[in-house]
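Dock chain B against chain A, hints included.
Here the protein sequences come in this chain order: A and B.
According to the numbering used here, the first sequence is numbered sequentially starting from 1.
According to the numbering used here, the second sequence is numbered sequentially starting from 1.
One or more of the hints may lead you astray.
Cross-link-like lysine-lysine pairs, in silico, DSBU-like; alpha carbons within 35 Å at most [to be verified]:
(1) B:Lys408 <-> A:Lys408
(2) A:Lys437 <-> B:Lys382
(3) B:Lys408 <-> A:Lys351
(4) B:Lys428 <-> A:Lys39
(5) A:Lys382 <-> A:Lys159
(6) B:Lys351 <-> A:Lys176
(7) A:Lys196 <-> A:Lys408
(8) B:Lys196 <-> A:Lys9
(9) A:Lys196 <-> B:Lys351
(10) B:Lys437 <-> B:Lys408
(11) B:Lys382 <-> A:Lys408
(12) B:Lys39 <-> B:Lys50
(13) A:Lys307 <-> B:Lys218
(14) A:Lys39 <-> A:Lys159
(15) A:Lys382 <-> B:Lys408
(16) B:Lys351 <-> A:Lys408
Since the hints were derived computationally from the structure, they do not count as laboratory data.
There are 2 protein chains.
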Amino acid sequence: MTDIIEQIKAAKRAAIVLSAEDTSSKDDALLAMANALDKNRARILEANAKDMQAAEELKVQGKMSDALVKRLKVTDEKISGMIDGIEDVVELADPVGETMATLELDSDLVLYQMRCPIGLIGVIFESRPDVVPQIMSLCLKSGNAVAFKGGSEALNTIKALFDILTDAIEEAGISKEAFVLMETRDDISSILSLDKYIDLLIPRGSNEFVRYIQNNTKIPVLGHAAGICHIYVDSDADIDLALDVTLDSKIQYPAVCNAVETLLVNRSVAEDFLPEMAEDFAEAGVEMRADPDVKEILSDFSTVPAKESDWDSEYNDLIISIKMVDSVDEAIDFINTHGSHHTDAIITEDKVKQLQFTKLVDSADVFINASTRFADGYRFGKGAEVGISTNKIHARGPVGMEGLVIYKYVLVGKGQMVKDYVGNDAKKFTHTPMNRKFEL
Amino acid sequence: MTDIIEQIKAAKRAAIVLSAEDTSSKDDALLAMANALDKNRARILEANAKDMQAAEELKVQGKMSDALVKRLKVTDEKISGMIDGIEDVVELADPVGETMATLELDSDLVLYQMRCPIGLIGVIFESRPDVVPQIMSLCLKSGNAVAFKGGSEALNTIKALFDILTDAIEEAGISKEAFVLMETRDDISSILSLDKYIDLLIPRGSNEFVRYIQNNTKIPVLGHAAGICHIYVDSDADIDLALDVTLDSKIQYPAVCNAVETLLVNRSVAEDFLPEMAEDFAEAGVEMRADPDVKEILSDFSTVPAKESDWDSEYNDLIISIKMVDSVDEAIDFINTHGSHHTDAIITEDKVKQLQFTKLVDSADVFINASTRFADGYRFGKGAEVGISTNKIHARGPVGMEGLVIYKYVLVGKGQMVKDYVGNDAKKFTHTPMNRKFEL
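Just chain A, same shape as in the assembly (with noise of 0.2 Å):
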């Protein structure tokens, strides 16, 4: 534990170097990251190997479910995917040093707030060796050290990963102190209680994972627990829209947190568009969990009874609950109540209730008239996902490159002293906005 807590001091001042170097050498040791992958293919796929032996053996025993196992096999094809991704970062605009706001105070006291990388993320992950290049890229383009704590099952691949990109990174010119891998074969506390000097976490797992991380450390979290999303069909809805929409909500992806858990129909619509859902989900292999009212209207159709507990659940599977509403407000007031604040869609083509829906449902993505699935960083055109938040501060829904930046300001002045702009003869600011990027 020492040792891993003088590598992440050294990686919290390699972060304050990191953060002050220029677009090009970024680029060059991201392109240099791209190329290492591509000519080390066999020593990754060697690691992989071992660590998917010892995984195909717990998978045996029970140890390890199947999804898991899967998670973690690296094929060549992965390979190229893990490339292209770092490629993508390279082509996304550096955030560092980037002007948002010029305010004057007073003449020649002009304050400028600058976009800055946060410092030190700490990465937590099960399974998914692609983590590493992904979150890799996306901190050294925006400027932040990298603390990663992978799961043992995936160890060997993950640092063959981190052993060739780093040199990568090294060998382009930039350090790469940096860049951490806690191997240590403690639990995931060592790296939850490191709150002085990690200033965010990203966990990358399941929802409880993320939940048990959540609840046990005093670092900031970015990430959702929970994805347990709504489809409100309205009274004025287009039945025909209803029904391609709601059912690419359930099945194009259903394994993934935003697709629909929940469907609320609003009673006047019921009769017309049950039947017919019913049908594309029976077609499909979907369960329904009904409530009464639906029950009833559903009666040619086999459907389960919904218990209190469905409300509440995410499937993560081809099972959906079905609940009739009668109203909008009410559709809103159970969303908020029973929802993960991660995605809720409304079909209607009622502007009002459009709108209604869009204020009023305290979530981190409202949609109209279209498939919760596309509650995506890549589909929000953010070119790389950090990952998908329902925090209600600092970033929100799915988070790209934003989310790893902060800023500071800067006050450029001429040797104005505070006791000048107080008393009886105070000079007065000027607080003057002005169209000026920062320059000395």
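Coordinates of chain B only, in the frame set by chain A:
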């Protein structure tokens, strides 16, 4: 406690309604608040007299500090200040509903990033009853609910202010359920444990008070626990300017977080600068705690040898620690190691060193040739200050209403499905930024 939880839940629900109130309704309520304070001056002063009587007794018994008693006192002039503060908030732009960015994902599929309130803000404070009108007005304008937890020493005053203000809000047509006063005599743990409901905590009190809160809650805390500010006088400093700015930074108001505590002096100007500076300090009654090199140069003056702990001390008093350094690099490293990332200044005419200091000092406020005392929401043109933050996420430095808002993404479509954007014949995203405000 059960009763408080019910009130907090009600406030959380009321926050949703408040988030959608229009600007003119909120401004009407603000004006009603200001008017109500003016009409109820006697009632406020009477309540405060009760608190003051108890406080004076505690002071005599040595159970309450003079500073705390002073901050508790409300005068007619202070009430006028509260009224002016509320009227200032009326003048501030309403951030809610602002379109921050618009992106066309595809034709008829437009993504809006919309500014919105955070939700429920918790405010914990010692003495200082003026926190109630100040934070209530800022939260009302930004559409946030608030739960207040004040010190028991100010309970009569706080309760009078709270009742007068919330009655005025209700009469103006906005539900007062969004505002909660936790009157319970429980310790502050009663509010610190409400992380399920409270989205952000704002503490107002001593450094120890803020540090206790930061260490004992899972709710994000906006603030700072220390203000160890530095001035570095460089080899290329204008000596007269350095003398003026340093004196102002120390003595203009030494009790506050943005006063300078440590002075770093480049060896090459030490002989020129330090004796004159020491003369000014001596005249102003400032105690100098000097390292051996500084002490030698100041052998004609009364100085105290600096101990290691002096470099990590916030005096909030007429005391300054002084250290010799050999370069701007050493100064930067010292500030990043011993500072509190609050406000630090360089005095130099050299633009290269100005830029280096600006980039590499990891503080919320980095000043060039200006007094550290300018680090303040009012001076920074924010109209009203929520607090000064040394956080590395969300909001940093002096924080105005921007610290009380976040955003949501609103996606407006015409029935688009994700399945059409994947696979071989995938539709392509246009991802075209648009210059368009949110409109349905």
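Output the indices of the hints that this structure fails to meet, ascending. none
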